[in-house]
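Going line by line, the protein sequences match chains W and F. Going by UniProt numbering, 3 is the number at position 3 of the first sequence; the sequence numbering is gapless. Going by UniProt numbering, 71 is the number at position 71 of the second sequence; the sequence numbering is gapless.
The hints are simulated quantities; they were obtained by calculation from the structure and are not laboratory data. Hints are all accurate, no fakes.
Treat identical chains as interchangeable: a pair holds within one or across any two.
When the alpha-carbon atoms are kept at most 30 Å apart in a straight line, the in silico DSSO-like pairs for lysine-lysine are as follows:
id : residue 1 : residue 2
1  : Lys-124   : Lys-75
2  : Lys-124   : Lys-11
3  : Lys-201   : Lys-20
4  : Lys-193   : Lys-124
5  : Lys-193   : Lys-20
6  : Lys-75    : Lys-20
7  : Lys-11    : Lys-28
8  : Lys-201   : Lys-124
9  : Lys-75    : Lys-193
10 : Lys-75    : Lys-28
11 : Lys-83    : Lys-37
12 : Lys-201   : Lys-75
2 protein chains.
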Amino acid sequence: MNEAPLDEAEKNARHNARMKAIQAARAKLMAEKNIEKGLLIVHTGAGKGKTTAALGMACRAIGHGHRVSIIQFIKGAMTTGEKVVFDAFADQVEFRPMGEGFTWDTQDRVRDIAVAREAWEVIKARILDPDDWDMVIADELNIILRYDYLPLAEVLEVVTARPEGKHVVITGRNAPDALIEAADLVTEMAQVKHPFRAGVKAQAGIEF
Amino acid sequence: MNEAPLDEAEKNARHNARMKAIQAARAKLMAEKNIEKGLLIVHTGAGKGKTTAALGMACRAIGHGHRVSIIQFIKGAMTTGEKVVFDAFADQVEFRPMGEGFTWDTQDRVRDIAVAREAWEVIKARILDPDDWDMVIADELNIILRYDYLPLAEVLEVVTARPEGKHVVITGRNAPDALIEAADLVTEMAQVKHPFRAGVKAQAGIEF
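Between the sequences and the hints, there should be enough to build the whole structure, so can you do that?
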């Protein structure tokens, strides 16, 4: 058994050979991936980044000339930094905060339900529209479903009936199992560490 | 014991009372959070959304008038959708893909290390600059650390020495424990479901 440390030349040679093998394996894998379709994407989990990643996807889509509709179910009141960016591409993006704030601020279940229904009718029309809106983002819809403000069955029916090629992104913690089941791409944003724990407040450019 | 189902009026009343209590608890909690500081943020995990969420944070920061530097350590070759968006705010953002592609494509450890060093010197200068760059994003730096292309100790020293108020965002799977330890905010993007599994290929507006 050779226990002498690898010298740099050998390290380099081994690395390069390993990468060649990985490249070949990846090329084979990628060649098998040839389906192009509109995806149902879910960002869930208790960590940060669910909405932020959806906004990043919106940026990406805008850059490719797509049209994106972003409907926010909860954060109606907050003026957000990203709005400035989306306003610069107003012919491609609509950014509609249709919620009235957090449920603990509104404190009115009947009104919350009515507001959720109104937002849902807008996004439903976007999702089912065969001619417009390449990407539709239903921000915090999972929260709405969690509170039973909208019937899950109706939401599932609509997202499943989306036209081919349409991407739908749904965010919010506690995504229902049936939604995860129906989705093509699901990421759970898990909280490993949060600055609130250390007394740091929400800051411009980070939280909003 | 009352087993009769709640009528809607009672459901509403209970909900509204619970929300009032949550609001009070949150107000107390938020009042304790009064530190404002530049955060060290890490997005790690095997799931999607690490880079995308960082780009979403960049959008947010831009909207607040901040200046953002985004240095990509890996995805040098790829033309990305978000570039179009950032180009529209060229006076506030620099977006520099400084990698030469994935390690399995370059297949050259010596060159990879030299390229990583070059990108790191740029981002190090941005992180330590006391007068410019409110947010610095080191995209896929964790991969570079994973391959030992840069000394972890040096990276830790630099991010820890960042000027007050400067946000640093580091992405990539397999974040080193010591980096997580040093960070203020860490999210793990966990893969629940990925469309590659179903034969779906990388698509414009989603993956790039």
